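Chains as they are written, first to last, in my numbering: chain A, 37 to 830; chain B, 5 to 197; chain C, 429 to 725.
Rather than coming from a laboratory, the hints here were simulated on the basis of the structure. All values reported here derive from a predicted model rather than from experimental measurement. For glycine and all other residues, C-beta sits at the position ideal for the given N, C-alpha and C. Worth double-checking, as some hints may not be accurate.
[Claimed, not checked] Some chain B residues close to chain C (C-beta under 7 Å, calculated; not the full set):
| id | residue |
| --- | --- |
| 1 | Met5 |
| 2 | Pro60 |
| 3 | Gln70 |
| 4 | Gly171 |
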Amino acid sequence: MPATGAPTKITQGSPAKGGIGESTLRPDGTLKVTGEFAYSSDMWHEDMLWGQILRSTVAHAEIVSIDTSEALATAGVYAILTYDDLPTEVKNYGLEIQDTPVLAHGKVRHHGEPVAIVAADHPETARRAAAKIKVDYRELPVITDEASATAPDAILVHEGRDDHHSGHVPHPNIVHRQPIVRGDVAAARERADVIVTGEYTFGMQDQAFLGPESGLAVPEEDGGVHLYVATQWLHSDLRQIAPVLGLPEDKVRMTLSGVGGAFGGREDLSMQIHACLLALRTGKPVKIVYNRFESFFGHVHRHPAKLYYEHGATRDGKLTHLKCRIVLDGGAYASASPAVVGNASSLSVGPYVVDDVDIEAVALYTNNPPCGAMRGFGAVQACFAYEAQMDKLAKKLGMDPVKFRQLNAMEQGTLMPTGQPVDSPAPVAELLRRVTAMPLPPERQWESSEGADVRQLPGGLSNTTHGEGVVRGVGYAVGIKNVGFSEGFDDYSTAKVRVEVAGGEAVATVHTAMAEVGQGGVTVHAQIARTELGVAQVTIHPADTQVGSAGSTSASRQTYVTGGAVKNACELVREKVLEIGRRKFGSYHPAWATAELLLEGGKVVTDGGEVLGDLADVLEGESVEIEAEWRHRPTEAFDLRTGQGNGHVQYSFAAHRAVVEVDTELGLVKVIELACAQDVGKALNPLSVVGQIQGGTTQGLGVAVMEEIIVDPKTAKVRNPSFTDYLIPTILDTPTIPVDVLELADDHAPYGLRGIGEAPTLSSTPAVLAAIRDATGLELNRTPVRPEHLTGTA
Amino acid sequence: MRVNFTVNGRPQEADDVWEGESLLYVLRERLGLPGSKNACEQGECGSCTVRLDGVPVCSCLVAAGQVEGREVVTVEGLADYARQRAEGGCATGAPGTSLDAAKDWRAKGTDSRTGEGAELSTVQQAFIDAGAVQCGFCTPGLLVAADEMLEHHPDPSDADIREALSGNLCRCTGYEKIMDAVRLAAARQSEGV
Amino acid sequence: MDFLRPASWEEALAAKAEHPTAVPIAGGTDVMVEINFDHRRPEYLLDLNRVGDLGEWEVGEESVRLGASVPYSRIMEHLRAELPGLALASHTVASPQIRNRGGVGGNLGTASPAGDAHPALLAAGAEVEAESAARGTRLIPIDEFYTGVKRNALQPDELIRAVHVRKADGPQQYSKVGTRNAMVIAVCAFGLALHPETRTVRTGIGSAAPTPVRARTAEDFLNAALEEGGFWDSGKIITPSVAKQFADLCSASCNPIDDVRGTASYRRHAVGVMARRTLTWTWESYRGTRRATEGAA
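With the hints as constraints, model all of the structure from the sequences given.
This is how it looks when you write it as structure tokens:
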């Protein structure tokens, strides 16, 4: 029997044209508001078992022994697997470096590392059995920061590295190092009238997607397995899963289940291999669902970072140089660390013109939780630092902070520190102008006829102030994020598009492996098909591995690359349709042969608007289906010594103005407004674009004032793995977020669009920090800022 | 143990329930009603919000055995619940709530064919129309909470909306479109009066 | 695990007598978290939802007898006049959904120093009505109820039936610091009640010591200062130096720890700020009431 909750096709008709540029509503909206939309944790199968993972209780230890005998004897337990049960020689996985053990082998390198897996008939049975597994650990000293990682006698987190970064790193506990040097910093420094330095700390942020890691693995009759899972990139998962199972990729079928948010946290594997191993071992479907506690251990986090910055500027406000060093804590496994290093270094200057730079970014191997992809990916940490520097410089020069930024803003044609020219609009000064031009929210909004409304004050419902100690502050920030995969990665997507006649009407089906994680890719794909094929009804096929890769739902790339692939496939389909039309009807009207033909409103029309016939008539008795790959312009790797190279394909820019009210006595913050202006190139779906900007902005707010995974520096253990102590913003913490959308086309991109998802997460955080500094006069070199930092009680 | 209770107006019986199971687990895994979501299982996110004898609660924190003989409404039953309330057939509405207040929902979803025929409540339709749904994992809980608020406060201020929904976390939207959706639902309800 | 479902208070007491390790569950907002996260596997769960009178309250001459399971949302709605401090505290509890389920009985049973109700109960003055099948009912003064971190004065066979909270005879306030504007566990909390009838001030501090505590030295200082200065009669503004010393003494009565929610140093500081502010708010309210009374006379 099929699994309950397997995704079905969603067909969306559109009363209006429903093409690109319209705020078409989500095709999955009705399912999502009725509770029918099946997320990966909703999957169910008759006779299914529940999988449970036993995780390490210590961060760094040798495993002396594992005894599963008592656990195995538990009634209702079907299987318990450890490293020794792995079926092939491939026992590790990883996005770029395969350094992550499927199950710990002789050693655990971080708190919460999977050691054994259990399948049982009820989750409680599985939990009780897992608790009975006896693991004897011999604890090792923990490596938790740069000093302990690179000490001469430091224990190596990974012995015997032979990955492609191991040859150029200065220490085996450094995953990757990327320097960028350009110009003559020493000479430029001489020209500086003011020099400003800063040491900044960025806390470990969690993606905190609401849908926990989960999925269902169903063994298949051919010896393979069908995995229903929430992920960001089906084919990347497949490439890592199949070898560990010892199966060819075509025997591991993957179907995307409903995804409850991702934000980078589903780029790496979580329960995928474990569920498949248990299903193949027991011959039964196995479901694994993390709870929130486990979820904090089950995915990588945003790299915490230390950032050392030195800028110079002339008296008239021109930046002279930048020296900076960015140290990212990658934790125990590489995950996306190398790419995060590439981003952090190449975007460390920010959206400014600085000709002379000396930059270094490194990611460490430590025994802290593994860190990898999260919305903004290396650019977030850098933006926090360079924007703090901009304010310091402006202050030292006695200049307005916005004017100072505008004076140094990059524009189209500016060279990146990597030597790459920015070859599409870069309206940095204009975005700043726009956020500055928005009216400021009224003062003292908490005052009402019935006294102070605490809901509008710092502290909110907790009733800590009725206005006492409350000071307003305003801050600005702007950021730059690359779009798409960089540094020479072959970044492509595949789309399969079909048109046919159904019910007398021409309809289209779009099939990709794109992971819809909430961003609205399915909405946009239908819009593109309508625009390109002139149909009203579009069916979105469930995403699976029966079609080619769509790349990852990350790096703000999906609308650009998979959207581009859908557009490309539609264009190929359209050519084929027109060929059929010419074959069938060409003899009736000369325009078939000569004119530029379009598909609009279910008809074939000339570019002059003359209708040549119904699309349904052309397709009568035939269908056209084309699957094709599409890729953006190639990029190249950064030089390992100089960092020079055309590494990026596109940039995305956003600016924020934050208005905060701070209870300066208690150190509590209420963000009153976070205005954003962003260039999106072309808004394919304006409603979704604004939604992305507001969501990204709020995640930036979170890491400004509350969000941080706290790791004990003595034990490397996570101290707050729960939604009780890892706080994300509630609706009472979130301000109004007015958004000004600018559309300056990037001529290299489909429809001129720009990837939009990440840029707003960058500048939101430093804007809030700047506003808090404005309110308090404090320097504040770390984020998140906590009440103790604002009250001198840290 | 066995638990008997009413879900969305229908009597339900769950057998072999482990005593530590939550109402959420029973709904999702035993009764085929996975609409209530399992995001935190510690009462911090509201995604599992259901109405227990009319009162919004986190179903993850209700022990299954505690619902014996009681009435539960989940997101799956929200449209029916709203319709019955509007028709005056539901007794759980608070005094002072206009029975006509929720009349202005649309007869069917305008969008998804798979959802066609599904009658949506005002607040459900407003969430779709306002763009308040992204990944949608928080949506069921928000809908149940927002619907209950509008039942009691048909004309809420923004601060009232924020307070009423402060127990429902959303990670995608930044809440702005959720505010829009609730304002829209309130406006449509009042037009319907 | 067994799930016990007594239909009456007597059955509940009998069950608790028979199974002293049974964990009472009412709103479930503490117990279920521990079960869901595998922190606790009690042998017996004792469901109190079917004991109807636990959800009821009676307003008497001197005090309110508040059933152990009266949800916080009902305290906020219905007892704002009689128990203003507890009503304010109730409003700071978690989320609307949690306030619909949780009640003061659970807070007392768990006896976490971070429980939101404790400072309000300490400031107002209260007695916990505990009962066992063997020994019947006893009233435990709130000041003697908290005996250690997550420990209280209950015997294993006892259940909390109600809490008797003294009706407010003057203004009361409650503040709680958390690092979020809603749905947050207290970093620290402060309750303050003016008792004009006895010309005393009482306080309660949460999350800043192993147990909820009163700032007795601060109370004594303030009571004396108000008396000596004739403040109760004159209704004049409290001298800033008096308010400051009161705040400092409140801070000094804390014995906090550093944890993921905040530093000890911050907790001490914040308690002082809250003490000063809540004193100002209640005193302003007291002065306002006095003026109104005098105006009417």
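Under 7 Å is the threshold here; is the Cβ of Pro60/B close enough to any Cβ of chain C for the hint to stand? holds, 5 Å
Hint validation: Gly171/B versus chain C, beta carbon distance must be below 7 Å. Holds or violated? holds, 2 Å
Is the interface hint for Gln70/B satisfied, with its Cβ closer than 7 Å to some Cβ of chain C? holds, 5 Å
Report holds or violated for the interface hint on Met5/B, using the least CB-CB distance to chain C and a cut-off of 7 Å. holds, 6 Å
Checked against the numbered hints given earlier, the structure satisfies every one of them.
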